[in-house]
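Once you've looked at the hints, go ahead and assemble the two chains, each given alone in its own frame, into the complex.
Chains as they are written, first to last, in this note's numbering: chain U, 1 to 433; chain V, 1 to 456.
One or more hints might be untrue.
A partial selection of chain U residues facing chain V, derived with a Cβ cut-off under 7 Å [claimed, not checked]:
1. 25
2. 28
3. 32
4. 98
5. 100
6. 104
7. 106
8. 168
9. 230
10. 268
11. 286
12. 290
13. 337
14. 338
Per the computed footprint, the stretches of chain V lying under chain U, defined by three or more beta-carbons under 8 Å from a beta-carbon of chain U, are [unchecked claim]:
15. 151 to 157
16. 162 to 173
17. 271 to 283
18. 300 to 307
Since the hints were made in silico from the structure, they are not lab data.
Bear in mind the structure is a predicted one, so any value in this text is a computation, not a measurement.
Heads up, the beta-carbon is just placed ideally off N, CA and C, and yes, glycines get one too.
These are the residues of each chain, in order.
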Amino acid sequence: MSESANWDWKTKEKLLVDLNELQKKFIDIRELTPSDDGEKIAAVVQPEDKRFTTCVNGEVWDETFEKVWSLKFKPDNKLVSLVFRDFEWTVAVDHEMWEEKFDFIWNMQFTPDGRVAANVKKGDDYGVSVDGKTWENGFVEARDLIISPNGTKTASAVSTKRIKEGDIFGFQEGVWTVAVDGVTWDKTFVNVWGVTFSHDNQHLAAEVRLNLYDYTIAVDGKTWEETFGCVWEPVFKPGSYDVVAPIKTPQGWTLAMNGKPIWGNFIQIWNQKYSPDGKRIAAIVAPEYGKWTIAVDGSPWARSFSDAVLPPIFSPDSKRVAAAAKESKYPFHMQSALHNIPGNDRYTIAVDGTPWAEDFDMVWDPIFSPGSDKVLTKVEKNGRYFIAIDGRVGRRGFEALWNPVFSPDGEKLLIRCVEGGKYYRRVVPIGEI
Amino acid sequence: MAVAEKKMAVAEKKTEKAWGKIVDAGLDEGIKKLTPEKIEKVINKALAAMGGARLKTYVDTCIHCGLCSEACHHYLSNDRDPSFAPVAKVKQTMWPILKNKGRVTPEFIRRAAEIAYTECNLCKRCSMYCPFGIDMAYILLSVRRICHLLGVTPLYLQDTAHSHAVTMNQMWVKQDDWIDTVQWQEEEIRAEIKNPRIPIDKEGADIMYSVIGPEPKFQAQLMGQAAIIMNVAGINWTYPSFDGWDNSDMAMYSGDHEIMGRVKRAHFEAAFRLKAKKIVMGECGHAFRSIYDVGNRWLGLKMPPVPVIHAIQFYYELLREGRIKIAKKFKEPVTLHDPCNVIRGRGLGEMARYVTNAICEDFTEMQPNREYNFCCCAGGGVINCGPPWAKKRAISNRVKAEQMKETGAHIVITPCHNCHSGIEDIIKYYKLGMHTKFFSEILVEVMEIPEEFKVG
Ligand code: SF4
Ligand code: SF4
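This is chain V alone, in the form it adopts within the complex (with noise of 0.2 Å):
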């Protein structure tokens, strides 16, 4: 064994310990149904679909300095257990499965799941280290789609790609749930103010705008909020009553391409249908990967056909613009995370902050910050992977807590889904005493209502 491999073995019985073996029956039942023959059959059939030109390009352009290791939460958060090196995370998947032409085992396979769907994120934080900028991200969502092929993938993951495949929504949410909660925030807010309209299905609107699948399933008020600063600031907007409401795109995380596809077409077709100009999604990060990199390009898309503007950019044109005018500012310190599929991945940094200066009295900024913040670490699905990882999922990002820890703020504003659920799993599981809040929580809550929409 070389000394590396021997390190790392080391380093994997360390790790071990902290969150003992983890149960999943999706990847557990999922190797008994393999077989060594079945698994070569499966990569091979899937890396020609591939091409694996660009994955070759990277593979052997690497030449394992290790630089990237220092960007990973992974790897800084567990001790700099160089297992956690995402160089490692290739060494242990990718790797073995190219220079075996994928004769690896069915335990193989197991590890390797393990790797790609609960130990990177795929937030291409590393990407920006390497001196070449290799793609891990592209590389472990490669090894996603092997394991996806295989059918190990974790349990709660593979339920909401199910999800995504029937209802086009990432919930189970059915298509009467999703008018009724419509319907039903519309009676909500008319106590914030007066005669609010949600309009369904109205054709010719300027904007569409879509939400993910928790929103209805869970947290309906954010629907609500975004209502608010729709009918405040004038907007021409309207909501589906039919299936593509819902942006966001497990399936792209669990390797299911096909469904990953179907669930943007339905997204893209409803704005059609409606003759909407724009779509305007809520505050989701890996929604926006899907519709602008992963899914439109295996539909044959070079970029969505509607354009797709976040809500980061959307309230920071409100506010910029007077569309939206702020009553107070929020006075709580607060920080900012910023989501990597939309800072990183879509630059929307300085527009966050001027949205946070905004409507916010005491910022303090985490550092490092921008392009160079540090993942949540429940994003790339890691999150929807469900409670047996949760408590793996704290521990790996120690870095996050201090990062947070240190600005002093009672709020971190998570203007991503999977930030704002994940980062308030670190908050509790480090007691941090801290909240997570959506942009759109603070901005209703400091917003001017104006005379004609006060109510009583």
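The following block holds chain U by itself, in its conformation from the complex (with noise of 0.2 Å):
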């Protein structure tokens, strides 16, 4: 919010970059990303065989590689990428390249103030690096990044000793655990996943199985005193170091907080989300067999769906609720690779358990407007892209467009857009969508 104010809001077009014209300086472009506010697009070209860069509104980078990829716009607006030559990897941030050099890195994501990290492998060494500096500890392997809400802590789920394929009981000894800026707990687990940090960047949370049977949660390595059948990623509760998590128990799946359950029994249960005043709790439910739905505090919505629903994601007043949802009317077998069946596999947004009256090809993540009255995402319809807000699909398609972002007064929207193959950034009010 902070950084979308200092952007844009008056200009109504710019057309940045016609990519027809890049398309034909180049053997291919991919990755096209947008920048946060709209200003640059980058994408990786190759300008010459096997030799590849990165092109932001149609500057090249005079530095070439064999491999570039992982694009993304930091919040500052520098152009980070992963970059490969002479058997090296290391990331490019803008036209500065990384003193130091990997076998591999992927994962790359950034902290809130704007460091890049990303999951590394140097030798027999897996860990973490922010801003090329590593963790001090390497280790056998590293599975995941995650990066603490202010930025100043990653953790990883790691293996601490060498296991060779096959030794079924050193495995089940336990050899995975979390680190946390390379330091691991005091202990290890036959597996770990579902790493968590809590919201003051002190504590972690992970799923764990302590042998092949028995699943619980860890704090800070410490397990919670209960075990289930099985369990999903755990949450903090903001503001606390409560910890919540589905648990399976035998009369069916729950929601736990600390071990003890504090919902009734679903089929299944699993993404809960804190509201962000952190006193509503939403999660996908199945209540019954087949059918999909988002239940909030334990009530689950009227209207469920056959296939799925997606993540719950809390309006910023945290009194609403929206979610993706999907549904099919005919059986499996009829399903075709190359063709959509008219009325299946249709996709929509629920809100608050009703569902917007049209259906899509496609839906991304639901979007609340910054005073909670609105919703909008993106939406694909016969190879087109829209903005839907509401329920209503904008009048203009796209042939490719980027998540759209609300003004801070939530007036107007910045639409990132390809049309006739040229890239536009443009600010709309929300009444001209």
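Here you go:
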């Protein structure tokens, strides 16, 4: 929000790059990526056979590489990419490269203050590097990168001991744990998944498997007293150290806080999310076999969906919940790879239990307006992309469209789109969508 | 001892000679930790969790007629040894478990595990011969569930389940190795087509293509071939850079339902995260079963939440619609193996024949075929039980060897990974002088490369 306040919300339209022209200059263009403020559009381009580089608003970087991928703009509008040449990977931030080189880099993300973090591999060591500063301790393997809310800490699920493939007994002794800034928890587990930070960056929770059968949640390495048939990813309650996770009991799935059930039973529960004020919790649930919906504070919406509901999103005022939902009418065996069956595999957005009247070939995540009164998203219809607000589809369709952004006052939308092969940045009043 | 049981005991001795006593630390060490009390407790808990109605119905319905025997390749290949009859496998495992209310010995569990994991491929051929359609595979999967809960699982299969648990893939492929392999394949196929592209994390692609762990691990050329097909056919597709790219699920076969569900969830969520409309999966059979039958149901999903199209159907559609054209058909004589999970299980038999005839000149059917085809004896996780069991697996599928030999084919098309490896083993063991191939291998060899993709 604070960043978007400084963006240009006045200029109605900027044509930034004619992609048709760009296309003529290069063998190919890939990973078209606009900056958050829409002022820049970047791509990985291939100026000559087997050489790649990046291009921002039509300006090509004169360094070339054997591989370039994972293009992302940082919030400060610097372009970050992962680049490879002469058998070494590094991170390029605009035209500056990290001095440190690696055998591989992946899961690249940004801290809120704009530093670049990624999982890295060097020699036999796996870990995390932040702005080129790599964890002192390397691990046998590191999977996933989790950044604390303020960006001061990084974590990963790590393996501490090399065991041979086929050593099932060694594995079952537990060689997995969590490392925070390279320092592991005291305890190891058979498995560790779903690592998450507390809101004050001080604590970490994760799903753990103690042996092949007993699952629970560990917080800073200390497990809940109770074990379960299965668990899914935990979350911290905002402003507290309480941890909430779905657990599987003989009666079904429920949500537990610090090991104790807090909801009734469902066929399935996952992706629980707290409201911004920390007072409400919503999750994807299956109240019955093959029926999916959102439950808020344990009460499922009356309307359910046959195929899937995607993770719930709270409004900024914590009062409303929206989620993408999907339904099918026809049996699975009628599916085709190349064609869509009319009326089948339809996506829509449901807000507080009520789906929009129209459905789509695809919907992106719902976005609430700053005032919580409107919900919009990007939708796909017949191969074109539109903005839909509160169920009403925008007049204009685009060849490509990135998530629209509300102006801080909620009156306008920033639209980053491709039309007629050209990339535009547009600012459009909500009423004109 | 009843006559039938005596016969079984004799038969057991006979077959033991053929492959000897098989040592498997997963089973042998596993039973050392068991006591009759522990077994009883675990079994009763497991049966209560299973609900038991389906199991009980099957067990009570069976009239012990033995009509299922002639269906089973283990039975036929082991000289009709009665202990390999489908009903006998249940008789040696689930019946005593139920009858004795879980009061069975560790040695009993060792034998039950051996039967459930290595003498039944869960192929369901016998269900077609049973007048009641009793689902033997379900019963033997339930035995496997019990064995898993008791910690008595074949070592190699258990290791695969561990790999799934850590990596969400079957072969311990690390996150960096996966991405590296995808990028490497893009470079590799530059020799085949001009300026190929393997998109990673392309949000909103029509298709997320998924493979099984062995592909990036040691058959990366199959990923390259898939990419050639995708590029030439003009498909808007992608791979995820993150976990969930593997569609396989050996935890389904080891009896570890929790890991099976976790792996399936990762797979479906990968497609949702990429906003891909469909998943097309490579040539794998059990993966298909795990997404539309077993894994999805454990999660509470009636069907996969994203349409999943098997490669056979994908190639069928591409060829039928002219998205891929054939330059010159494959000349060598071929036959086609019908993988149980996608032919008997999913009904893709006619599409498989359409593809075979479209790309091959000289195709001879195996007899019997389509849904009546014999299993490869690798499926159901049996090949994943590893080298200790390989000889037994080959001996127990003599009928497949005979079936293939009669076709006179040089190439056996096997649109499933387990079938592919398992049949190659049988070919070697019986010295049939043939080879297996995936559809994709032949397709890439015979397809027309349009002018704009021609190299040089
Ligand atoms: S291998 Fe197939 S035919 Fe034999 S018992 Fe198992 S499911 Fe039945
Ligand atoms: S054919 Fe059916 S009823 Fe007869 S023995 Fe086999 S499973 Fe039982």
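Do the hints match the structure? See the list:
no. : hint       : result
1   : 25         : violated, 15 Å
2   : 28         : holds, 6 Å
3   : 32         : violated, 10 Å
4   : 98         : violated, 17 Å
5   : 100        : violated, 16 Å
6   : 104        : holds, 4 Å
7   : 106        : holds, 6 Å
8   : 168        : holds, 5 Å
9   : 230        : holds, 5 Å
10  : 268        : holds, 4 Å
11  : 286        : holds, 4 Å
12  : 290        : holds, 4 Å
13  : 337        : holds, 4 Å
14  : 338        : holds, 5 Å
15  : 151 to 157 : holds (count 3)
16  : 162 to 173 : holds (count 6)
17  : 271 to 283 : holds (count 5)
18  : 300 to 307 : holds (count 8)
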